[in-house]
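Colleague: In case you want the letters, here they are:
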Amino acid sequence: MQATRFSISALIVAMTLALSACGEKTAEGPEVIRIGSVAPLTGPQTHIGKDNENGARLAVDEINAQGLELGGKKVKLELLGEDDQAEPKTATIVAQKLVDAGAVAVIGHLNSGTTIPASKIYHDAGIPQISPSATAVAYTAQGYKTAYRVMANDAQQGKALGQYAVGKMGAKKIAIIDDRTAYGQGLADEFEKAAKAAGGEVVAREFTNDKATDFTAILTSIKGKNPDLVFFGGMDPQGGPMAQQLKRLGLSARLLGGDGLQNVNFLKLAGADAEGVVASSPGLPIDSMPGGPDFRKRFEAKYGVIQVYAPYAYDAVYALVDAMKRANSAEPAKVLAELPKVEIQGVTGPVKFDAKGDTVGGAVTVYEAKGGAWQVLETVK
Amino acid sequence: MDIFTQQLINGLVLGSIYALVALGYTMVYGILELINFAHGEVTMIGAMVALSVIGVLLGASPDLPGLMVVIAGLLVAIPACMALAFGIEKIAYRPLRKAPRLAPLITAIGVSIILQNVAMLVWGRQYVSFPAILPRGQHEILGAHITDLQIAIVVLSLLSMAGLWLLVEKTRLGRAMRATAQSKEVAELMGVNVDRVISYTFIIGAAIAAIAGVMVSAYYGLAHYYMGFMLGLKAFSAAVLGGIGNIAGAMLGGLLLGVIEALGAGYIGDLTGGFLGSHYQDVFAFLVLILVLVFRPSGLLGERVASRA
Amino acid sequence: MRERPRLALALLAVLLAALPFLIGTGLGNSWVRVLDFVLLYVLLALGLNIVVGYAGLLDLGYIAFYALGAYLYAWLASPHFGLHLPFWMVLPLGAALAGVFGVLLGAPTLRLRGDYLAIVTLGFGEIIRIFMNNLNAPFNLTNGPQGMNLIDPVSIGGVSLGKSLEVAGITLPSTYLYYYLFLAATLLVIVVAMRLQHSRVGRAWAALREDEIAAAAMGINTRNVKLLAFAMGATFGGLAGGLFAAFQGFISPESFTLWESILVLCMIVLGGMGNIPGVILGAVLLTVIPEALRYIGDLQRATLGQVVVDPADLRMLLFGVALVAMMLFRPAGLLPSRQRKREFSAQDGVAEQEQASLYDTKA
Numbered sequence: 000m001q002a003t004r005f006s007i008s009a010l011i012v013a014m015t016l017a018l019s020a021c022g023e024k025t026a027e028g029p030e031v032i033r034i035g036s037v038a039p040l041t042g043p044q045t046h047i048g049k050d051n052e053n054g055a056r057l058a059v060d061e062i063n064a065q066g067l068e069l070g071g072k073k074v075k076l077e078l079l080g081e082d083d084q085a086e087p088k089t090a091t092i093v094a095q096k097l098v099d100a101g102a103v104a105v106i107g108h109l110n111s112g113t114t115i116p117a118s119k120i121y122h123d124a125g126i127p128q129i130s131p132s133a134t135a136v137a138y139t140a141q142g143y144k145t146a147y148r149v150m151a152n153d154a155q156q157g158k159a160l161g162q163y164a165v166g167k168m169g170a171k172k173i174a175i176i177d178d179r180t181a182y183g184q185g186l187a188d189e190f191e192k193a194a195k196a197a198g199g200e201v202v203a204r205e206f207t208n209d210k211a212t213d214f215t216a217i218l219t220s221i222k223g224k225n226p227d228l229v230f231f232g233g234m235d236p237q238g239g240p241m242a243q244q245l246k247r248l249g250l251s252a253r254l255l256g257g258d259g260l261q262n263v264n265f266l267k268l269a270g271a272d273a274e275g276v277v278a279s280s281p282g283l284p285i286d287s288m289p290g291g292p293d294f295r296k297r298f299e300a301k302y303g304v305i306q307v308y309a310p311y312a313y314d315a316v317y318a319l320v321d322a323m324k325r326a327n328s329a330e331p332a333k334v335l336a337e338l339p340k341v342e343i344q345g346v347t348g349p350v351k352f353d354a355k356g357d358t359v360g361g362a363v364t365v366y367e368a369k370g371g372a373w374q375v376l377e378t379v380k
Numbered sequence: 000m001d002i003f004t005q006q007l008i009n010g011l012v013l014g015s016i017y018a019l020v021a022l023g024y025t026m027v028y029g030i031l032e033l034i035n036f037a038h039g040e041v042t043m044i045g046a047m048v049a050l051s052v053i054g055v056l057l058g059a060s061p062d063l064p065g066l067m068v069v070i071a072g073l074l075v076a077i078p079a080c081m082a083l084a085f086g087i088e089k090i091a092y093r094p095l096r097k098a099p100r101l102a103p104l105i106t107a108i109g110v111s112i113i114l115q116n117v118a119m120l121v122w123g124r125q126y127v128s129f130p131a132i133l134p135r136g137q138h139e140i141l142g143a144h145i146t147d148l149q150i151a152i153v154v155l156s157l158l159s160m161a162g163l164w165l166l167v168e169k170t171r172l173g174r175a176m177r178a179t180a181q182s183k184e185v186a187e188l189m190g191v192n193v194d195r196v197i198s199y200t201f202i203i204g205a206a207i208a209a210i211a212g213v214m215v216s217a218y219y220g221l222a223h224y225y226m227g228f229m230l231g232l233k234a235f236s237a238a239v240l241g242g243i244g245n246i247a248g249a250m251l252g253g254l255l256l257g258v259i260e261a262l263g264a265g266y267i268g269d270l271t272g273g274f275l276g277s278h279y280q281d282v283f284a285f286l287v288l289i290l291v292l293v294f295r296p297s298g299l300l301g302e303r304v305a306s307r308a
Numbered sequence: 000m001r002e003r004p005r006l007a008l009a010l011l012a013v014l015l016a017a018l019p020f021l022i023g024t025g026l027g028n029s030w031v032r033v034l035d036f037v038l039l040y041v042l043l044a045l046g047l048n049i050v051v052g053y054a055g056l057l058d059l060g061y062i063a064f065y066a067l068g069a070y071l072y073a074w075l076a077s078p079h080f081g082l083h084l085p086f087w088m089v090l091p092l093g094a095a096l097a098g099v100f101g102v103l104l105g106a107p108t109l110r111l112r113g114d115y116l117a118i119v120t121l122g123f124g125e126i127i128r129i130f131m132n133n134l135n136a137p138f139n140l141t142n143g144p145q146g147m148n149l150i151d152p153v154s155i156g157g158v159s160l161g162k163s164l165e166v167a168g169i170t171l172p173s174t175y176l177y178y179y180l181f182l183a184a185t186l187l188v189i190v191v192a193m194r195l196q197h198s199r200v201g202r203a204w205a206a207l208r209e210d211e212i213a214a215a216a217m218g219i220n221t222r223n224v225k226l227l228a229f230a231m232g233a234t235f236g237g238l239a240g241g242l243f244a245a246f247q248g249f250i251s252p253e254s255f256t257l258w259e260s261i262l263v264l265c266m267i268v269l270g271g272m273g274n275i276p277g278v279i280l281g282a283v284l285l286t287v288i289p290e291a292l293r294y295i296g297d298l299q300r301a302t303l304g305q306v307v308v309d310p311a312d313l314r315m316l317l318f319g320v321a322l323v324a325m326m327l328f329r330p331a332g333l334l335p336s337r338q339r340k341r342e343f344s345a346q347d348g349v350a351e352q353e354q355a356s357l358y359d360t361k362a
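Protein chains in written order, with numbering that gives the first Met the number 0: chain C, 0 to 380; chain L, 0 to 308; chain G, 0 to 362.
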């Protein structure tokens, strides 16, 4: 048994040596600053995870192309992409791995369930973490000075959506479905609170899971309660078939969702039944932002269609680099001191953090699917 | 009442899909006593291959009639899955036929991981959407909606089962299969080519899996490299519920599981006064499964095999 | 003859004590964290080995006990209910709770055999996970999918293992401290498992595994013996769960999926069911391989000068290939128990019998 363990460690040592050997080669040029990017790159959420990494990579490549100088020295950013398999345990291992590798900051993780356990490790190591997409309120409520995010949290988005549903869409009887993930449940709960506060009546609360494709049973049950709006807290792989089954079962209620639905994939999966679905996304519409359409063009030329959160990962890198520039250093302690002062015009809107590390303002834009594309309805503050 | 009818239809359609996949599990189990974990992935490959063919055909001439395109996809997917299952059995299971029973289970899990990741490399990480080319006719029965596609799913799965039953009960190959299931040694002595019979079992199961895969992706409008796992799990549960190794049992188990899930999700909230909701749908399904097995340890239609000493 | 094993044992002890330092300096702290998880999985694998390896009961829902231990720890030592009990009270309670559930699961399944048992235990595992995922309403017991956060670290004599500790000028990071705690727990479980195997109960389990009817005929109370196997296995799982909760500080239902149950089962089958060194080896390999495969990107860069294939694409694929290949080469596991080795070599000999137990070769 020991022999095996030894040979494994020997193998690993050899790999590490090979690794460090090539690390030294690049060390001759400008100083290399390592930034981690973590998202699931295997498993069912792979497509969204890779999208996050691509967003961060595009920003890093651009910044390197422009040239970045800190403390009078030319530096080069290096993005270390890691796979956390959307699994809390693996998330802490890769977090530790990034800390060991000398990453000065981390863009990630994708899910709240991985972002929260990993945040403890970044906190202990004293390096900043900016999540592009974790929306659970708990993430920034732990009192860690290292935890930031560039996306409106569940409370911010859920509240905006709840008010919009009752106030603007005139929904009186509302059915709510969530996918029992940290994201879906968090958003749906906040939506429910806001919708009730605004005077809406919740006639049904149903549940599914993030691997389901058949929603006919819960939709039929909802149909019996005659709602005029169905809210879904979840992602596009469920939302697409749900929109189809809603129509097929003859429900007249409109479907409303969060940023998990407001993407191209949803339109593809729902097909013709996407028509009339309303969904929100935190931030301002990309195409109306200065540099937004340009960002889309550059991203799509390199990596294909934007899945969901790539623009947020992109903005997170720029926010981080803004703090580095302010600190004139990449040292984590100095960067952390400057992060609260960050103010940039990102492709998802202005990025600025509050004392907890959440985004200030947190505008939410509501879209409607029309003719196979998302049309902006309005931006809710 | 119309809600109840609708739930019943929902359950029957879902159950037909489970039943189709369950047939593959039950056939392999009946003969080898092996849980072929990779069967769900074969279903997934079927869906993906058919979608690729459909994509190519539509790309070449978008005006082809939808039904024909889908059938063409199916006709490619079936042999592809057959070849795949043949290969899997030969490489991963056959060398382990005399190994401890859990060894092939682990290779089955390994094959399942391999197929998922190969599919990810070939078809990408994204959900692939099924083009809306099938006719979308709708009917109303007792106030409930049912589409042509749903009817087709139920009919196809009934036909598949009937065909399979005829094959097993009325043909030479079927007789060889039954003999092999009872005792490989004796079957071999009687001149049955056991290896070939086992290969056929896998191939036939895979053909049905391909049909199921195409129907699932057409019905839900999507396919994904990960879709086989949950589907396989549910189908396997269905096979056990009905009595694994028994073809009619797989059908019954599938349909029952589908109906239980639909009624469970639809009514559990009302029945428990809102304490338990549709998030306990799977709990409900598993509880029924456990209860059935506690009172009938070999499933609903399973034979009571006397423990061999 | 007595001196040799003692020397080997002493060497092993030194090695185990020095391991985090060797790995920490050689490979970095993240590998010490991997090492910690290796020990947790060794604990789990040893527990499941009692149920599957010793008693021959195929259990696919084992991770539920891990979950129960973890959640009990979180309930009694986190801000969720405002309770902060010390670990030496919480860990045994968690193990006991899991043990009770082991009996609860075992009782209705006594009549089931082989794969029927597998599917029922699988259902049980999923039921527990679904409850954990949903019990944030009507009463917030588990905080649902959001998970439970800020769980207390283990604290021994006022020293928290959650922070790094300075001893005689050497800084011991938290991962090192947990390593020693987990190592102690693992050694304890190994000793218990070894004693069990060679006890009256252990022989009863073996008899049950080989032939239930014959065992009953020999006067073994198969009901009690089966329940004991479930309870013992579950207890170890509950212990591992409590340690996991304290170590991570955050738990959510995502950590307790069916896939984890399957993984632990793979560990014991791959390593060699029923054989403690084999089970440990299986746990070590299946925890280390996926982590080591993370380096294939770097390896490509070092050998080919560039990353040809995205490492994330290849990692799980290679894991699957490894699983299949290892089983094909060593169908009885990498380190099979002596008894199974005998059965294998006796494949065509006189000793061969037709047996229906899942532990055995199929005739």
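No wet-lab data here; the hints were simulated from the structure. Keep in mind the model is a prediction, meaning the values are calculated, not measured. Heads up, the beta-carbon is just placed ideally off N, CA and C, and yes, glycines get one too. Please note that a few of the clues may not be correct.
Footprint (simulated), chain G over chain C, 3 or more residues, beta carbon under 8 angstroms [what the hints assert, rightly or not]:
id, region
1, 81-93
2, 174-186
Listed below are the simulated DSSO-like cross-link pairs for lysine-lysine, each with C-alpha atoms no more than 27 angstroms apart in a straight line [said to hold, decoys possible]:
id, chain 1, residue 1, chain 2, residue 2
3, C, Lys-324, C, Lys-72
4, C, Lys-351, C, Lys-75
5, C, Lys-355, C, Lys-296
6, G, Lys-162, C, Lys-144
7, C, Lys-296, C, Lys-144
8, C, Lys-167, G, Lys-162
9, C, Lys-355, C, Lys-73
10, C, Lys-355, G, Lys-162
11, C, Lys-167, C, Lys-144
Cβ-to-Cβ under 7 angstroms is the rule here; a few derived chain L residues that face chain C [said to hold, decoys possible]:
id, residue
12, Gln-6
13, Trp-122
14, His-144
15, Gly-220
16, Thr-271
Colleague: If a hint holds in the structure, say so; if it doesn't, say that too.
Modeller: Hints versus structure:
1. 81-93: This one holds; 9 residues, not fewer than the three required, reach chain G with a Cβ under 8 angstroms.
2. 174-186: holds (count 6)
3. Lys-324(C) <-> Lys-72(C): 12 angstroms, holds
4. Lys-351(C) <-> Lys-75(C): The hint holds at about 25 angstroms.
5. Lys-355(C) <-> Lys-296(C): 34 angstroms, violated
6. Lys-162(G) <-> Lys-144(C): 17 angstroms, holds
7. Lys-296(C) <-> Lys-144(C): Between Lys-296(C) and Lys-144(C) the Cα gap is close to 35 angstroms, so the pair fails against 27 angstroms, i.e. violated.
8. Lys-167(C) <-> Lys-162(G): 51 angstroms, violated
9. Lys-355(C) <-> Lys-73(C): 32 angstroms, violated
10. Lys-355(C) <-> Lys-162(G): Answer holds: Lys-355(C) to Lys-162(G) is near 23 angstroms, not above 27 angstroms.
11. Lys-167(C) <-> Lys-144(C): Status violated; Cα separation ~38 angstroms.
12. Gln-6: 5 angstroms, holds
13. Trp-122: 11 angstroms, violated
14. His-144: 5 angstroms, holds
15. Gly-220: With Cβ-Cβ at 5 angstroms, under 7 angstroms, it holds.
16. Thr-271: Where the cut-off is 7 angstroms and the nearest Cβ of chain C is about 13 angstroms from Thr-271(L), the hint is violated.
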